[in-house]
Amino acid sequence: SKPRAVFRRLRRALYFIGNNMLINHECIKDLLSVFAKSELAEISISDLVNDSAIRDNYSDEELMFHIQRLCDQGWIITSSSENEPFALYGPGRTPTWHSTEWRWTESANQYWDASSKPEIWSKFKSLSAKESLDFSLDILKGLGKKWIEKKVNEIFEI
205 SKPRAVFRRL
215 RRALYFIGNN
225 MLINHECIKD
235 LLSVFAKSEL
245 AEISISDLVN
255 DSAIRDNYSD
265 EELMFHIQRL
275 CDQGWIITSS
285 SENEPFALYG
295 PGRTPTWHST
305 EWRWTESANQ
315 YWDASSKPEI
325 WSKFKSLSAK
335 ESLDFSLDIL
345 KGLGKKWIEK
355 KVNEIFEI
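Here the sequence shown stands for residues 205 to 362, where the numbers follow this note's numbering.
Worth flagging that the hints you see were computed from the coordinates, not collected in a lab.
Note that the Cβ used here is the ideal one computed from N, Cα and C, for glycine as well.
Treat the hints with care, as some may be off.
Below, computed lysine-lysine pairings styled on PhoX-like, alpha-carbon distance capped at 25 Å [what the hints assert, rightly or not]:
1) LYS354 - LYS327
2) LYS345 - LYS241
3) LYS349 - LYS233
Ranges between beta-carbon positions, derived for each pair [said to hold, decoys possible]:
4) ASP234 - ASN287: 19 to 25 Å
5) ILE352 - ARG259: 31 to 37 Å
6) LYS345 - SER284: 28 to 34 Å
7) ASP276 - LYS355: 32 to 38 Å
8) LEU292 - PRO322: 32 to 38 Å
9) ASP317 - TYR293: 34 to 40 Å
10) LEU244 - TYR293: 25 to 31 Å
11) ASN228 - THR298: 19 to 25 Å
12) SER320 - ASP264: 23 to 29 Å
13) ILE352 - ALA240: 15 to 21 Å
14) LYS345 - ASN228: 18 to 24 Å
15) SER283 - LYS354: 35 to 41 Å
16) TYR293 - SER320: 32 to 38 Å
Based on the sequences and whatever the hints tell you, model everything.
Here is the structure:
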């Protein structure tokens, strides 16, 4: 039910705030890379977190935090009525990753597009600390625009 879903989201948000976790842009980039490399239009959260590049590099806590941020920002969405990427059970709060299919949105695609260019990513990491996803996307768009202008100038020797 809708009130229960709101309560679960609020409980998760309070949990993450209490743990003072900050955005790790490498984790965001790695999560989005799974969408980018997939031949499918939608992938499950379970498949996302079980990708070896993700599972081998990030804890469940990091994944829960970053996947929830991607959902909260609307960077990944689902058309399923089960719109939570995971559920927490038991005293250890172990996540159960849902098999619901998710897709990335234009904002996630723009972030990936800019962050996948090494020159832009290097500059971004030197400018950005743990900024919000929206602000980080603005930074990446600005760097991407400068990168394109530089490439155009090189091609046309302007």
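Quick rundown of the hints versus the structure:
1. Among the hinted pairs, LYS354 with LYS327 is consistent with the structure: their alpha-carbon atoms are about 14 Å apart, no more than 25 Å.
2. The straight-line distance between the Cα atoms of LYS345 and LYS241 is roughly 21 Å, inside the 25 Å bound, and the hint therefore holds.
3. Straight-line distance between C-alpha atoms of LYS349 and LYS233 comes to about 19 Å, which keeps the hinted pair within the 25 Å bound.
4. Between ASP234 and ASN287 the C-beta distance comes to about 23 Å, which sits within the given range of 19 to 25 Å.
5. Between ILE352 and ARG259 the C-beta distance comes to about 35 Å, which sits within the given range of 31 to 37 Å.
6. Between LYS345 and SER284, the C-beta spacing of about 30 Å keeps the proposed range 28 to 34 Å intact.
7. Between ASP276 and LYS355 the C-beta distance comes to about 34 Å, which sits within the given range of 32 to 38 Å.
8. About 37 Å separates the C-beta atoms of LEU292 and PRO322, a value consistent with the hinted range of 32 to 38 Å.
9. Hint check: ASP317 to TYR293, Cβ distance near 37 Å, so the stated range 34 to 40 Å holds.
10. Our hint of 25 to 31 Å for LEU244 and TYR293 holds, since their Cβ atoms are close to 28 Å apart.
11. Separated by about 21 Å at the C-beta atoms, ASN228 and THR298 satisfy the suggested range of 19 to 25 Å.
12. Take SER320 and ASP264: their Cβ atoms lie about 26 Å apart, and the range 23 to 29 Å holds.
13. For the hinted restraint 15 to 21 Å between ILE352 and ALA240, the CB-CB distance of approximately 19 Å keeps it satisfied.
14. Range check, LYS345 to ASN228: Cβ separation about 20 Å, and the 18 to 24 Å hint holds.
15. Taking 35 to 41 Å as the suggested C-beta distance range, the pair SER283 and LYS354 conforms, at roughly 39 Å.
16. A hinted range of 32 to 38 Å for the beta carbons of TYR293 and SER320 is consistent with their spacing of about 35 Å.
In the structure shown, no violation is registered for any of the earlier numbered hints.
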